[in-house]
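According to this note's numbering, the first sequence is numbered sequentially starting from 15.
Check each hint, because a few of them may be wrong.
Below 25 angstroms or equal to it, Euclidean Cα-Cα: the simulated BS3-like pairs (lysine-lysine) are [to be verified]:
| hint | residue 1 | residue 2 |
| --- | --- | --- |
| 1 | 319 | 302 |
| 2 | 147 | 17 |
| 3 | 322 | 89 |
| 4 | 147 | 26 |
| 5 | 228 | 211 |
| 6 | 336 | 486 |
| 7 | 322 | 336 |
| 8 | 89 | 147 |
| 9 | 302 | 360 |
| 10 | 360 | 89 |
| 11 | 526 | 336 |
| 12 | 100 | 241 |
| 13 | 24 | 228 |
| 14 | 302 | 322 |
| 15 | 100 | 89 |
| 16 | 89 | 336 |
| 17 | 360 | 35 |
| 18 | 17 | 302 |
| 19 | 211 | 302 |
| 20 | 211 | 241 |
| 21 | 360 | 100 |
Derived DEER-like restraints, expressed as beta-carbon distance ranges [as the list claims (entries may be wrong)]:
| hint | residue 1 | residue 2 | range |
| --- | --- | --- | --- |
| 22 | 483 | 505 | 16 to 24 angstroms |
| 23 | 424 | 36 | 46 to 54 angstroms |
| 24 | 525 | 30 | 27 to 35 angstroms |
| 25 | 522 | 456 | 34 to 42 angstroms |
| 26 | 526 | 24 | 53 to 61 angstroms |
| 27 | 413 | 110 | 37 to 45 angstroms |
| 28 | 219 | 143 | 45 to 53 angstroms |
| 29 | 412 | 385 | 36 to 44 angstroms |
| 30 | 92 | 271 | 32 to 40 angstroms |
| 31 | 213 | 323 | 22 to 30 angstroms |
| 32 | 532 | 36 | 42 to 50 angstroms |
By construction, these hints were calculated from the structure, which means they are not laboratory data. The beta-carbon is built from N, C-alpha and C at its ideal position, and this holds for glycine as well.
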Amino acid sequence: MLKIHNNLTKRKEPFVPIDPKNVRMYVCGMTVYDLCHLGHARVLVVFDVVYRYLRRVYGTEHVTYVRNVTDIDDKIIARANERGEKIDQLTNHFIEEMTRDADALGVLHPDEEPRATRHMGEIIDMIQALIDKGYAYQAGKGDREGPLGDKVNGPGGDREGPLGDKVNGPGGDREGPLGDVYYDVSRFEHYGQLSGKNTDDLRVGARVEVDTAKQDPLDFVLWKAAKPGEPYWESPWGRGRPGWHIECSAMATCCLGNHFDIHGGGLDLQFPHHENEIAQSEAATGEKFVNVWMHNGFVRIDEEKMSKSLGNFFTIREVLEKYDPEVVRFFILNSHYRSPLNYSDKHLDEAKAALTTLYNALRGVTPVEGGDVQAYAARFEAAMDDDFNTPEAIAVLFELAREINRLRGSDAQAAGRLAAELVRLGGCLGLLQRDPEDFFKGRRPTEIQADYASRTTTTHNAEVASGFSEAKIEILIEARTEARKNKDWAESDRIRDELLAQGVVLEDGPQKTTWRQE
RNA sequence: GGCUGAGUGGCAGAGUGGCUAUGCAGCGGACUGCAAAUCCGUGUACCUCGGUUCGACUCCGGGCUCAGCCUCCA
């Protein structure tokens with residue numbers, strides 16, 4: 015029985031899907047104005063594993079995973095201006111880069127990847143519903159109950175056009191917060207449940223914002239009026255764009271229904287983003303929004319949160335120049351998803367050594383299907399059932415590996431059966447799916463390797479250039495084998511050292527010598 | 001200040017009211033021309049002070065330390 019830690023109740027609870035034939039999960043994805051960093055990698059990988067495991071439990075066809083893309087917001091506008099690009103030129107570019115990183119990390123594609131700009135209709139409808147039900151008000155209209163219907167006929171207009179074309183359009187006449195629409199937090203009774211805050215405490219600590227028409231510092235913006243030169247969509251409240259929180263409410267309910275099973279994201283989204291999503295969605299639909307809230311912990315550097323604002327982040331791209339993507343994936347999954355994850359080269363090196371051990375067990379063993387290997391699977395599943403305890407699941411993988419190594423000399427069949435199981439269980443985590451030789455020889459999945467090679471920095475290319483080609487390595491190994499036959503140990507060791515200097519480690523097996531890239 | 005979460009062996013990282021996590025590193029042995037890989041053996045870890053208990057690293061309370069949220073952030 016799968017149990018999940020539900021952040022709404024702060025407890026581990028049995029997971030009971032609303033509809034086992036269609037388990038539904040929404041995860042807050044990226045705001046696409048820059049390359050993804052390791053924090054994004056963690057969300058990507060963690061929820062990929064959740065997705066994989068749900069598919070395993072409920073069947074591949076019975077899980078719907080939605081991960082959105084935020085493709086309009088202040089930072090995107092700012093970045094596009096900096097780069098002199100149109101908004102969708104910028105966002106399309108970084109969506110491509112994000113997909114490339116996700117693919118490299120072995121992340122399955124979600125069933126849907128909705129983009130905010132493609133869901134303006136739903137967003138506007140939801141804001142209207144909130145206004146109609148008295149949960150939202152328009153700035154500048156003192157009477158929050160006031161009829162806003164005078165402009166409701168607007169949204170049909172021409173909002174579907176590519177926004178980039180409109181940046182310099184005639185939108186400039188609207189200024190300031192007059193067209194802003196805010197959510198009235200005081201109207202939502204359960205505000206603060208998810209983040210464990212109460213509105214009184216929040217008000218005490220609230221910062222006073224200047225230049226805002228909020229009636230309460232806790233209120234947040236649903237619709238932001240466009241300033242001159244900003245991109246906009248037509249709405250009943252004038253030209254503008256959606257606030258950040260409303261897009262997720264709209265896309266989630268649009269793709270998965272008003273009430274669905276799991277909502278995930280980084281811990282930093284718990285407040286205010288997810289709290290606001292609940293307030294919006296439940297007020298608008300009158301139904302419970304989400305049963306289970308899951309948040310993954312932060313990636314840290316030197317015991318400090320990795321974040322854009324602190325500037326202490328590594329992009330996925332940078333890390334993949336030094337480490338195999340599967341090593342990065344292993345590193346992420348080797349600690350529990352709710353724990354902090356400290357990044358350092360040393361830890362990545364250890365992850366590499368550990369993954370090497372696993373692939374070593376697979377090397378030279380032919381997987382054989384069948385056999386009694388239930389004990390390992392049972393323990394693996396028990397670990398995963400316990401709130402996706404991947405470190406414990408990985409421990410089972412190592413025990414399997416040791417057993418394979420014990421048996422490989424005496425009972426190849428039995429070893430093969432265990433190897434098949436190791437590969438199968440590894441697959442639940444998106445690990446160990448490559449030919450071991452490819453892993454040892456530093457071959458990345460072809461497409462990605464070619465792609466990275468063409469994009470990586472000169473230092474990286476220089477390193478690669480200094481290494482020996484596989485053909486040259488094979489030739490040297492042959493020469494060494496010849497020397498060993500003649501018991502010319504000096505020559506044999508010289509060749510081994512020469513290869514070692516290039517990061518190639520030799521292993522003399524009973525039949526032949528194999529090698530791996532260090 | 002308010003609210004979370006965390007403190008485990010050299011390092012990383014699970015877990016449990018009494019019984020081996022696991023990995024990396026180290027040490028001893030086997031194997032090897034020597035290595036590497038692998039196997040076998042090996043480490044009386046659980047922040048601190050009280051309490052509950054036959055028994056607590058594990059439950060409760062105080063303290064100390066760290067991280068996070070309360071502002072954009074995965």
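Verification of the supplied hints:
A C-alpha spacing of about 32 angstroms is found between residue 319 and residue 302, which places the hinted pair above 25 angstroms, so the restraint is violated. Taking the CA atoms of residue 147 and residue 17, the gap is about 36 angstroms. The hint is violated against a cut of 25 angstroms. For the suggested pair residue 322 and residue 89, the alpha carbons sit about 12 angstroms apart, so the restraint of at most 25 angstroms is met. Between residue 147 and residue 26, the direct Cα distance comes to roughly 35 angstroms. Violation of the 25 angstroms bound is thereby established for this hinted pair.
A threshold of 25 angstroms between alpha carbons decides the hint, and for residue 228 with residue 211 the separation of about 20 angstroms falls inside it, so the pair holds. Pair hint residue 336 plus residue 486 holds up; C-alpha atoms about 23 angstroms apart against a cutoff of 25 angstroms. With a C-alpha separation of about 21 angstroms, the suggested pairing of residue 322 with residue 336 holds against the 25 angstroms cut-off. Proposed proximity of residue 89 and residue 147 is contradicted: the alpha carbons are some 31 angstroms apart, above 25 angstroms.
Taken as a hint, the residue 302 and residue 360 pair is broken in the structure, with Cα atoms around 45 angstroms apart against an allowance of 25 angstroms. This hinted pair does not check out: residue 360 and residue 89 have alpha carbons roughly 34 angstroms apart, beyond 25 angstroms. With a CA separation close to 30 angstroms, the supplied pair residue 526 and residue 336 exceeds the 25 angstroms bound. For the given pair, residue 100 sits about 17 angstroms from residue 241 by alpha-carbon distance, which is consistent with the 25 angstroms threshold.
Proposed proximity of residue 24 and residue 228 is contradicted: the alpha carbons are some 31 angstroms apart, above 25 angstroms. Among the hinted pairs, residue 302 with residue 322 is inconsistent with the structure: their alpha-carbon atoms are about 33 angstroms apart, more than 25 angstroms. Distance check on the hinted pair: residue 100 and residue 89 sit about 13 angstroms apart at the alpha-carbon level, within 25 angstroms; holds. Note on residue 89 and residue 336: the hinted pairing is violated, with a Cα-Cα distance of about 29 angstroms set against a maximum of 25 angstroms.
Straight-line distance between C-alpha atoms of residue 360 and residue 35 comes to about 44 angstroms, which puts the hinted pair past the 25 angstroms bound. A threshold of 25 angstroms between alpha carbons decides the hint, and for residue 17 with residue 302 the separation of about 20 angstroms falls inside it, so the pair holds. Only pairs whose Cα atoms come within 25 angstroms are accepted, and residue 211 paired with residue 302 is accepted, the gap being roughly 19 angstroms. A hinted pair counts as satisfied when its Cα atoms are at most 25 angstroms apart, and residue 211 with residue 241 does not qualify at roughly 33 angstroms.
This hinted pair does not check out: residue 360 and residue 100 have alpha carbons roughly 41 angstroms apart, beyond 25 angstroms. Between residue 483 and residue 505 the beta carbons are some 22 angstroms apart, a value that agrees with the proposed interval 16 to 24 angstroms. A hinted range of 46 to 54 angstroms for the beta carbons of residue 424 and residue 36 is consistent with their spacing of about 48 angstroms. Against the hinted window of 27 to 35 angstroms, the Cβ-Cβ separation of residue 525 and residue 30 comes to about 54 angstroms, which falls outside the hint.
For the hinted restraint 34 to 42 angstroms between residue 522 and residue 456, the CB-CB distance of approximately 20 angstroms leaves it violated. Distance hint check for residue 526 and residue 24: the Cβ-Cβ separation is about 57 angstroms, which falls inside the suggested range of 53 to 61 angstroms. Restraint check, residue 413 to residue 110: a C-beta distance of roughly 41 angstroms satisfies the suggested window 37 to 45 angstroms. The beta-carbon spacing between residue 219 and residue 143, approximately 30 angstroms, falls outside the hinted interval of 45 to 53 angstroms.
Distance hint check for residue 412 and residue 385: the Cβ-Cβ separation is about 19 angstroms, which falls outside the suggested range of 36 to 44 angstroms. Remark: the range hint 32 to 40 angstroms for residue 92 to residue 271 is upheld by a beta-carbon distance near 35 angstroms. Restraint check, residue 213 to residue 323: a C-beta distance of roughly 26 angstroms satisfies the suggested window 22 to 30 angstroms. Checked against the given bound of 42 to 50 angstroms, the beta carbons of residue 532 and residue 36, roughly 47 angstroms apart, stay inside it.
When the structure is compared with the earlier hints, violations turn up for hints 1, 2, 4, 8, 9, 10, 11, 13, 14, 16, 17, 20, 21, 24, 25, 28 and 29 and for no others.
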